[in-house]
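Asks: Read off the chains here:
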Amino acid sequence: MKLSVPAAQFASLYDGTPKIIAAGAGLEAGTFPLRLLRLVRHDGGYLLLSGDAEPEQGGALRTLAIPPTAVRALWSDGEAARRDAERLLGWWAEAGGPDGAPPQVTGDASALMHGLLAQAFGEIDGLHRRNAGLQRTLSTLREEWGRSARLPPEAVELLDALRLSPPRLVFATPRPVGALPVPLRHGRTTAGAAEIVQRLPAGARGLAGLDLHLDRAPKGSGVLAVALTGVETGETIADWRLSFGEMRSGWLPLRLPAASTRMDRLLDLRIGAIGVVTEAPRLSLAQAGLLDEYAVAPPARAVGQPAMLALRLWGGLPGLEYGAAAHLAPHPVPERMVWPLTQPVLAQLRKGREFEATFPWFGLLRGGRVLLHPLHGVVTAAHIPLEEVPGAVAVRARAVIDDPRCRTAIACKLVVAPPSLTVDEAEREEGILASSGWMVLEEPRRPLDLSAVLAAPWSGPMALHLFTDIPDRGHGLYGRTIFSDFEVEIDSRTAWANPPALPVMDGVAATP
Amino acid sequence: MHSVGTHTASGSGDAEDVRAAIVVPTYKHSGLLVEALSTALAQDTDFAYAVVVVNDGCPFPETERVCREFAAAHPGRLFHLHKRNAGLSAARNSGIAFALDAFPMLEAVYFLDSDNRIRPHLLQRMLDALRAAGPEVGWAYPDVDKFGFFEFCDMSGAYSPLEHLFRNVSEAGSMASRRLLDSGARFDEAMRQGSEDWEFWLQGLERGFHGVHVPGTGFGYRRRGESMLTESERDYRPILTHIQKRHPALFAVRAVLRAEAAVGRRYAVYLPDRAIVRCVTDPALGEEDVPLADFVRRALRAPERPGYGECPGLLAVMDSGLYELLKRHRLLRGALWILERAAAQATLVRADVTARAAESGCALSWCGAPVGLQADAPFPLPDGGAAVAMLPTAALLDLVRRQPAGTPLLEREPWKPCAEARLSLTLALPGAVQSPAGADAALSTLRETMALAWSRPSNGGWAAAPIDRYRAGVATPEDVYQTVHRLPSVLPLLPPVGGRRLAALVADSADAGALETAARMARWLAGRGYDAHLVALGGGRLTLAAELVEAFASVIPHPSPLVLPERPLTHRDAYLGTPLRPWDAAEEDMAVGTLAVFDLVVTVRHGAAHPLMGRLRALGVTGWALLGASSIPDAPSLADAVNGCAAFEHAYQTVVPLDARTFRLCQALGFPPDKLRRWEDAAEPDTDPDWIVCAPLSSCLPETSVAA
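Chains as they are written, first to last, in the numbering used here: chain A, 1 to 512; chain B, 1 to 708.
Bear in mind the hints are in silico, worked out from the structure with no lab data behind them.
Here the structure is a predicted model, which means the values were calculated and not measured.
For each residue, glycine too, the CB sits at the ideal point set by N, CA and C.
A portion of the hints provided could be inaccurate.
[As the list claims (entries may be wrong)] Each pair of labels, with its calculated beta carbon distance range:
no., chain 1, residue 1, chain 2, residue 2, range
1, B, 383, A, 477, 27 to 33 Å
2, A, 139, B, 60, 21 to 27 Å
3, B, 156, A, 139, 40 to 46 Å
4, A, 89, B, 73, 25 to 31 Å
5, A, 442, B, 262, 55 to 61 Å
6, A, 367, B, 262, 49 to 55 Å
Extracted from the complex, chain B is given alone in its bound form:
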């Protein structure tokens, strides 16, 4: 290898050959700049490269002197730009603009901050990686070898777009390809508190590029007690909010869910009768069957090596017959989601299942109770008669690694209120047969299989290896959704293929009239480009006739509360005399998580759902409220139902009175007339002239939906 940074007086001739530029922005680092520039000039490459140092209007004269002297000493290799101070991003952008203008054969730009340093093979290895990569690769990123406060951050593993949404895996000390720069990606000059590098690579992601990790480059990052990074860490939340606003297409709930499904699967469902583990996020859109031995290896590797999303975060156990039955009746997604909701409150979730055949329709009932509330005593894995079990994969791995032999004791995760959630599911479905209650035994068998594999020194011995595990571990939905949307998780319902939209009809499972209205609305929406799902929010018992079942793309029961007993109200809210029941914070998070994946949420005479709509609106969900009289016992009066919605009217885009009387009440209680719509398929003939001329609901639909 040799450096081809030639040394001539004019230097202009060399610019023609330069293939890579190292852009070094500098501001108030005059004492360290020499080190950065020396390492930049000492690269061992088989191509010509140039160093571009950009003095970002540094007030210290020493900075300019260092730049000037290095430029004089390395004509044709080091170029010096002095500009008015405008921040790190602007300085890097000036360097990029200069490099693109000055070097016609430029293939890539490497960014070196003036307090960092690089080893001599970095530039060659980075550019080699970019050259070897496909056109989808827009940048190459290194491991981060921090010095000062020493720490090594292993960034290896396949690039995960999902991980990049909540953790910056590409330091600024990375290399941007010419194709990424030509696509228009530039540093955000409004970001002056740090993390502008994260935002820059996300621009690449948004433009369809990925990164590629390059090992062994020797990128040295100076970690000091106080730095731009530490300030950035303090301002993490506002910075993340800024980045999210810059990239709504990346951070929308549905986009994140798509990214989640692209990098891995959320659930690993062990089907003991088939000796496989079925990995799945949305059961309607793809499953991966993994032989048990392969899954065990994948799971045991997860805490050792980076590889975000390779191992599902939640492990379920059930018989394949039950799995297929739930899937056939489009109940599987909802069942897995209920288990996940319970797993947010308990370390271990077990469910008894009683199934019987019905001629038609669907009847199901979920209920739950906590076991070991706030108890700290470790407990053995149960050997009872549950048909379904779920626990975090990390909890099982912890058990396997700590206690591969003997009777293992599971410990309650301290942040969860109970050790075990015991659920009960009763099903009456066509073709249903009672499933074997073998989940407890199967879970123990799975644990033993994993423990046996872990006990082999060639596997378990790696736990002692002194390697960086910061990015290792099992991926959980909370990693990303909590950081990005402040939600523990979201319903794993992926947008369907073919550009159809997703709608949720939110109805109380105890209100048969509301369920019928929801089914009619589902059919109406289906003709307008929507896949409409029923979210039965409230009680756990749900009965649907066959024609109602067919109206919905799937049924998602949402019994609330699910595991913990309902807490007594500590305060009551009332809006103009109409009582409103506030949500428990954890239950509210999960309810929002259930609905956040939809384009449209329609509450069907469901007062309890109104308080959720503000958060959903902030997440980009459109809200409609269907209001009308209810005939169920203990239902609020129509005036109270309308007034209860009026308290949250701001969160809805559209309010749909189901009859003229409700329409008049809406007007009386101050709903903006422009929000009121008459649903063409629902309105009974009426003589109220204002109601007759009320704008039709179909006018609220996006044009594409109306066309469909």
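Bound-form chain A, shown alone:
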């Protein structure tokens, strides 16, 4: 069976408007508050016409492959019309699958009215039942969520590891080598004002805050406005407002009240300033280096290369509020933060002493692991120079004998020292900043956590010294000792010249 429709009416057959199809001529448009479609024979097939419309001579037609939607009834008023209706229902089952065809009604208009009313009441009953069911579903969901905690996967992972940690450094640009003035708007006119846009190399989930580096604090009165926006949604995730009078040069800590639970994958930082100044605030720039897709807009150069804003990103467990408040802000900000030592830093690893051995005893292995195999009769040593880490209060690492065949205890030590100290001085712990002391690995594959805690926060370059030794003076066969999971804990109050800023809440800047 071929069923067609005038092209202009094609799309409307599939919208949600309730329709009836009438085979035969006994029903006038407007009799029922539904859209009437008439089934008429046409050119060896059938045509569906809307209301009282007549087929246009030569008008474009569309052949239907899929039955129309929301047809409430197929009505016919005589024997010939009934046969047409049955043919239509046969086609309907073929094209639309079983159970999709509308009910067939024969008889006069009152029979159709009766059928439609029965349908309508049936659907009202169904709606009542579904509404009740929906209420019950929502109630069950609320009850279930009220009863059980939903932990983010990162928290589960953390609990699995049975350790809690403060926010960690996720990403840091290299040290600043240039500066970019923040565009300034005067007065209340904000339309068309320029702003600095910086794409962040991290998503929103777990973002606990960021640092911008202020090359020069502004002179005058006004506000620096920093907005964190999600690119996919266009929504503002956080909006910081910092008064010029309270800004000092150096790292500017911008924190979120809790590590973000949002899932935005692409983030932009939009920065502008409002006020009257004699010197505009200038944000520091770093080289974008390999990945100049993260260059700042408007474009700027840093020592001849595309530049990005100097920044640090801090991450934590989504939804977690960190530490106790150290200021008068309504939300807490963390006291302690963790600066993990990643591969580019660890790649600066050096031998502390030169030895010859017939097997590899020293090296940086994949995954940021340091091999320092103890050797017979000597204390092996290695060190990692660190550029300035602000406010360091502790250094931690993990040590393990990696070879299950080892039958000898191995001693190991982590020492933090100023860069000027020699290896021997570090081993003797003369003039050092901190030491884990000698710790003994008694058996293979059982790791020990080494921790060197500083007496006071240290800002400036330093060196991490690693030592291994064989306490029983044996040969230390298979004593393949691996150091890993290096991290520096820093004190927030010492590390930043500026107090941490929190986003504007309800239009009020939550500044310290």
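Could you slot chain B onto chain A? The hints should help.
Replies: Same frame as chain A, now just chain B:
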């Protein structure tokens, strides 16, 4: 921005203005459909769009209820089709057909599966990208932000047709342009196990379209423990086979090689005396000279950002004089291929080269030996006297990133049998001079240059950035050829310009008679539209007189085994008493890879090559066997040579006896008479009447070749 999905009773008037349609097929996702439809209806656009939900005969009544209620609530914006169940592809096709019929101004169709969701700017950004693109762009694709099991797949970077052959970079949640749909691209309704979206975009690629990546669209893909995708991943191989069969023109070895050359280069050859890196796939068809600093940046970026093929996967070091000498004598392609073959078995390949001038002709000899077989101890970069070195770019990058300072220790890649392959090449060529043996030092210098650049915090600091690197990395031939053809790589010989075909004459380098026959066949084929190359399969020593050298388009030595010692036979095969030596699996893969790029492979009295022909035939290569008596010592008897071929006769299209006696033996051993051909230029006068009337070999050539 505003949504122009107007809300009127009839809705028919709005259809005239609709510029984009979101097609939502649904089947058994009644609980999630509401979410998908709500996000589809919440698009923020400056053009009119419509949502078309296609109920694919879902047996759950709730699905139909949701469709009906949304259609009733959004007349003129949401259209509802209910059809008999025929699968996801058919449902999408119904949506496409409806949209094309219903919306005359339609510019694009976006596909949203009913368990996924989209952010409000997706439709606008996708259509903007398509509008801004040239006519060659047929579709726009997003990053894939998986939720449920969270994962972000960064699909950025230039669209790579090569990458798309082995990895689906365009999710179904992409937007097809009107021009792509008008070209006839539709989802394959026979594909009901998944990956039909991949096949759909490949239709676009086959029709000459490319995709364009659109960042920041917010396409959310629901990743569940069990889904159509996970089932599809289990059935990956049969699905890929189906897709390959649907697109033979895309997946043919030569087409893939063309795609490889189009998106990048396979080899980066560092020429230290010129301080450049020459990037090349087939040296006969294009080279790109990159200043060292630019190459270093390109290589260091490769593990950080998607950009398939931007950095060559194999790094070679040699003096420019040696490079030019090999190129001038059409030996460079073969030399790079031998290095690549060795690099498949060892982390580092080093070659000594002894070159002397000869008056004419060409004599060369390759041999190899493994160093550090199965050894696990890391080893320093050598500082000996090699003239050529090769290693995977990824291995050098790993070294640079892990140990930028001090004495770096290279580690054997665990899947390779040895740490180092030590090769030796002896050359006697006109104009040859001994090249400096500076590859070791140059490699160390290159490593130091890269390490210095990596040590800059503005470069190395990016290693810590929490960005998706799934598609980052250095492209290797194995990525595509292993997935598509189950080969580690193929000879980088690109089809020549001008529609000429490629033929390989496979002869044993120790069989001077076979080499002469091969040269005659090469000349005969050259007159019939072929570029004929000599593949000297077997021993490493090859000597060719000047007139023989000229007969071949190039010489490709294929010493086998190359690096590892020949293994003792664990079993012997024999066909009707004729002994057959089976190939080592890795050597066989590489030999097939050497020959798979040719249209025609002619084995010239080469019994060892017969076992390769079945796989080559499956890859679309035509095979001819030239059979005849050999005069080299230890050659099998003629009957054994013919019988050895009979064991693999099925893999050959044509068998060419070189004389009447061989012809009779072929008949005796059951070769189908219709496969036997007499080579017009080779047959000696003979009185055997059947041999005289045997069909000529030229009748086997394609018509275009005969015309040429």
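Asks: All hints, please: hold or fail.
Replies: Cross-check of the supplied hints:
1. B:383 with A:477: 27 to 33 Å: holds, 31 Å
2. A:139 with B:60: 21 to 27 Å: With Cβ atoms ~23 Å apart, the hint holds.
3. B:156 with A:139: 40 to 46 Å: holds, 44 Å
4. A:89 with B:73: 25 to 31 Å: Given a distance of about 28 Å, which is inside 25 to 31 Å, the answer is holds.
5. A:442 with B:262: 55 to 61 Å: Between residue 442 (chain A) and residue 262 (chain B), where Cβ atoms are some 60 Å apart, the hint holds.
6. A:367 with B:262: 49 to 55 Å: violated, 36 Å
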